[in-house]
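Trainee: One letter stands for each residue in the lines below.
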Amino acid sequence: MSSDSHGARVFRAMVRLLLPAWFRERHEGDLVSVFAGLRADAQGLARIRVWLREITALVRLAWQLRVTDRVRSPLAGASLLDAKLGVRMLVKDPGLTLVAVFALAIAIPVGLVPAHFTHAIEAPLPVDDGERVRSIRLLDRATVSERPLPIASFDEWRTSLSTFGELAATTIRSEFNVVSDAGVAAPATGALLTASSFDVLRVDPLLGRSLDDADEIPGAPDVVVVSFELWRDRLDQSPDVLGQTLRIGGVPHTLVGVMPEGFRFPLRSMFWVPLRHEHLEGEQGGYIVFGRLAEGSTLEEARAEVETRYRRQEPTRNESDPHGLLEPEIVTFAESYFGLPAGGFSAVFAYRIVQMLALFLLAVGCTNVGMLVFARTAGRASELAVRTALGASRRRVVVQLFTESLVFALVAAGLGLVIGDRVAVLFGWMSDMLPYWVNLRVQPVTAVWAFGLAGLSAGFVSIVPALRLTSRNVQRNLQQSAAGRSGVKFGGISSAVIIADVMLAVVVLGFAVGGTDLLTERTDTMGIEASEYLHVSVRIPRSGPNGTVGTEPEYLQRAGQSLDEIVRRIAAEPSVRAVAAGDVLPGMDHPGASVEVEGEEPSARGFSVHRARVAPGFFRALGHPVREGRAFSTADGIGEDPVVIVNHRFVDQVLGGRNAVGQRIRNLGRDGEAPGPWLRIAGVVGSLGMNEAMPTADAGFYVPQPLASLSTVRLAIHLGDDPTTFTPRLREIVAEVDPSAVVIGSTALSDVFSFNRVTVEWAGIGMTTVIAILIALSASGIFALMSFTIVRRTREIGIRLALGAKASDVTATIVRRSMAQLGVGILLGLPIAWRLLYELKRDLGRIPEHSPFVLAVASGVVVVGVIGLLACVVPLRRALQIEPTDALREG
Amino acid sequence: MPAHWDPSPHLPLSVPVHQILLSLGGSDRHGYAIIKEIEERTHGDVTLTASTLYGALARMLAAGTIAEVEDPEGDRVDERRRYYGLTDRGRSLARAEASRLARTLEHARSLGLGPRAGDEAAG
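If you read the protein sequences in the order shown, they are chains P and U.
In terms of numbering that gives the first Met the number 0, the first sequence has 880 at position 881, counting the first letter as 1, and numbering is strictly consecutive.
In terms of numbering that gives the first Met the number 0, the second sequence has 119 at position 120, counting the first letter as 1, and numbering is strictly consecutive.
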């Protein structure tokens with residue numbers, strides 16, 4: 000069985016989008032397969048004809064199944080003429096078109112973003128029939144967390160499940176130094192996987208062979224298969240590459256194969272080495288078990304078999320699951336990889352919130368555009384009344400208005416897709432952080448959704464105004480039409496929408512201006528000149544990728560010695576001012592700890608603080624001498640009387656500001672475990688970025704850690720300007736001391752990655768984007784609606800002037816009404832903006848101050864006021880310039 | 000099947016439904032084979048799309064005029080393929096439609112509007 004071709008994939012996506020579930024369950028497979036067959040039969044231009052016929056028939060079938068089989072279609076009768084009229088209206092009203100298309104071109108993609116991301120992330124692996132590649136894992140019902148299948152089950156099931164072909168396992172990501180024959184050394188990401196992985200994925204090598212079962216046997220020659228990209232970029236795409244030696248993590252491996260371009264399973268891997276049993280045992284959770292459903296087996300059958308087998312596996316199950324809380328589940332590879340619950344993102348509550356927020360933004364956009372369409376349609380009430388009187392049914396008129404809205408909604412969706420695709424290209428650098436199957440560019444299915452959403456938006460925008468307009472008494476409309484009035488009262492609703500828009504703008508602007516300090520406070524929280532420090536992580540692997548070296552104590556001793564020597568040699572370099580070493584550095588995510596203070600009534604949960612393990616000389620190297628007490632010495636951390644150093648926020652928040660030196664604290668045990676030993680506070684230091692996301696909550700303590708007892712260490716090397724220039728020399732030193740040592744990352748400490756901080760920053764970027772979109776939508780809504788209502792009063796203004804009213808009085812009347820709308824919106828928006836800002840700041844541990852709030856409110860009022868005034872002035876000037884007699888004649 | 004199932008309310012049949020009944024009258028077939036057989040038999044006059052076919056099959060299954068059957072060859076190349084065959088109800092419906100067409104043809108002939116000998120041979 001072959002996988003879907005590109006065309007069949009698009010057809011399948013359309014089938015899934017359009018046809019109801021009951022039909023798809025029974026016929027989807029056959030339908031797509033017959034389509035693929037018919038398409039394959041046709042050649043050249045005939046293929047296009049097949050495509051067109053099939054798509055038309057599919058849409059017709061969807062229509063029959065979803066609509067005509069239940070109710071008569073409300074849209075039957077939409078014609079090309081309506082579409083032409085729609086296009087004509089777009090051209091006739093360019094200002095309105097621009098605002099409407101702009102609003103929907105933002106709102107439709109925004110409404111789609113969550114679905115697009117999840118679709119890209121949850122996509123099946125891009126291999127032959129990738130949907131049938133599934134992962135088996137365990138679900139812990141007590142903690143609702145996932146864990147990989149135990150090794151015992153993997154061993155037993157590997158070739159014995161009837162509903163799966165052979166099972167495979169892969170590590171998620173491992174980084175090693177890769178040195179080619181030419182001597183070029185650089186770290187590369189690779190994966191350790193079982194030879195069966197290539198069979199499961201059905202991917203054949205471009206050159207040589209992939210891995211064999213024999214490669215997995217301990218003691219077999221060490222081999223490596225490399226990616227096309229590594230072969231191209233690091234091995235000059237040489238055809239004689241097979242048989243060459245690559246040193247991976249210091250261990251020589253024979254290159255036996257090159258995989259085809261684009262195959263980077265699972266996370267942008269550059270090479271693959273055999274995963275042997277001892278690696279699985281050492282991985283402790285960092286692997287995924289997966290397989291391909293056997294021909295003819297359904298997912299339900301596979302679930303039933305795995306469940307039964309797991310329950311029967313008493314002896315091994317009892318070891319890992321004494322309380323019977325684990326249950327096996329079969330999920331997609333993406334769900335397993337990202338740790339998503341079965342069912343993917345849609346089963347995650349936070350995702351549903353994001354999805355609702357996106358749809359809310361779409362609704363805001365649609366409401367504004369809907370009001371514009373309503374306003375424009377109101378101006379055409381007489382035309383519609385005439386059409387109705389001439390026999391056009393209400394449905395016919397509704398269809399016409401819908402088609403007109405659909406025209407600009409489709410234009411907006413197309414524009415939005417192009418913009419979205421460009422943005423995806425701009426963010427292409429992000430793809431290295433995502434698994435190889437994730438493609439964020441616009442896919443055919445996204446386009447189908449976008450145009451579907453355009454249809455919905457057009458419905459939202461046009462149906463209500465159309466029904467309202469056509470519900471009025473035809474005769475009365477005709478009379479009013481004869482009298483030159485539109486006959487539709489528009490003011491009430493438009494005022495409500497303008498007020499809502501103003502409220503939204505004030506809330507959002509106030510929130511944005513008042514909240515900016517939350518995102519910009521990061522500077523100086525680390526308390527050091529972080530840009531002068533080079534950050535690297537050095538790891539001494541427990542084993543090379545193919546073999547464990549010695550026992551655990553031997554390994555730790557070797558690792559400690561290597562690290563000690565590496566740090567000593569770096570510190571001896573002339574350009575290096577100082578080296579700070581620890582398990583975590585300022586600006587990174589520090590582990591948490593719960594502590595209690597000796598002599599104080601212990602609370603149930605203790606104090607939540609952060610902790611770091613640091614080598615002697617850490618504070619001095621970072622330019623932070625200990626303020627009180629003493630720094631760590633080389634004897635600390637080895638003998639009796641364990642000591643710690645706390646930061647000043649710890650003193651303030653945990654010790655209530657009293658003298659810290661000499662007091663004792665201890666870690667509270669988790670879940671009924673015994674507490675740790677008492678630790679005497681030897682000194683106090685300043686803030687060193689223990690909590691970058693929330694600097695006011697960075698209380699913490701430091702534990703002394705001799706380098707000789709570590710296997711991985713993070714170094715902050717003080718060098719001065721542009722510290723990354725030291726990287727090549729650093730790699731040389733590390734390679735000289737221990738060729739297997741892996742150097743990970745090499746950036747200025749100021750650029751160091753912190754998940755917490757990045758989360759806050761991305762949340763900030765996301766919030767700013769949402770705010771910008773909301774402001775753009777509400778501003779365009781305010782402007783368009785206000786100016787449109789004034790334009791519609793042009794004739795009234797002319798008559799008033801003709802009757803002798805002063806221009807200033809007329810202006811005052813018109814502006815007063817607009818200002819009243821603005822005023823009400825601002826008054827209603829202010830308390831909401833204040834409350835939101837206050838709550839957010841309090842949650843983040845900041846004391847809300849009045850001055851930024853006043854600034855926020857002022858800016859909101861000013862911006863909204865300017866938009867409102869502009870919306871009044873431009874049409875009003877034009878109206879006042881019209882000759883009163885012309886105004887009367889036009890009427 | 001009820002003893003007296005009356006096909007007349009279902010007449011006249013649409014072209015796809017009638018052609019599918021005729022195709023399955025010959026032997027049990029899967030979707031792709033039905034399309035190809037009809038196309039061949041009608042010399043390309045009737046070419047069904049995949050969606051038209053499966054829309055019609057879904058309705059015919061619901062009406063009980065066809066049923067899913069085992070692969071007549073017994074050696075399924077592709078497990079996903081479903082095969083369909085005529086039920087008694089389907090046969091009776093096909094016959095009723097043929098009678099209706101025959102009456103129409105007879106009437107056309109009586110008016111001198113029937114096919115000429117050459118037309119019939121051409122098919």
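None of these hints come from the bench; they were simulated from the model.
Each hint should be verified, as a subset may be incorrect.
[To be verified] Quick list of the computed label-pair ranges, beta carbon to beta carbon:
{"#": "1", "chain 1": "U", "residue 1": "D70", "chain 2": "P", "residue 2": "R48", "range": "53 to 63 Å"}
{"#": "2", "chain 1": "P", "residue 1": "R421", "chain 2": "U", "residue 2": "G63", "range": "50 to 60 Å"}
{"#": "3", "chain 1": "P", "residue 1": "R48", "chain 2": "U", "residue 2": "E39", "range": "11 to 21 Å"}
Just so you know, even glycine gets a beta-carbon here, dropped at the ideal spot from N, CA and C.
Trainee: Taking the hints in turn, state whether each one holds.
Mentor: Hints versus structure:
As the Cβ distance of U:D70 to P:R48 is approximately 31 Å, the hint placing it in 53 to 63 Å is violated. Hint check: P:R421 to U:G63, Cβ distance near 54 Å, so the stated range 50 to 60 Å holds. Taking 11 to 21 Å as the suggested C-beta distance range, the pair P:R48 and U:E39 conforms, at roughly 19 Å.
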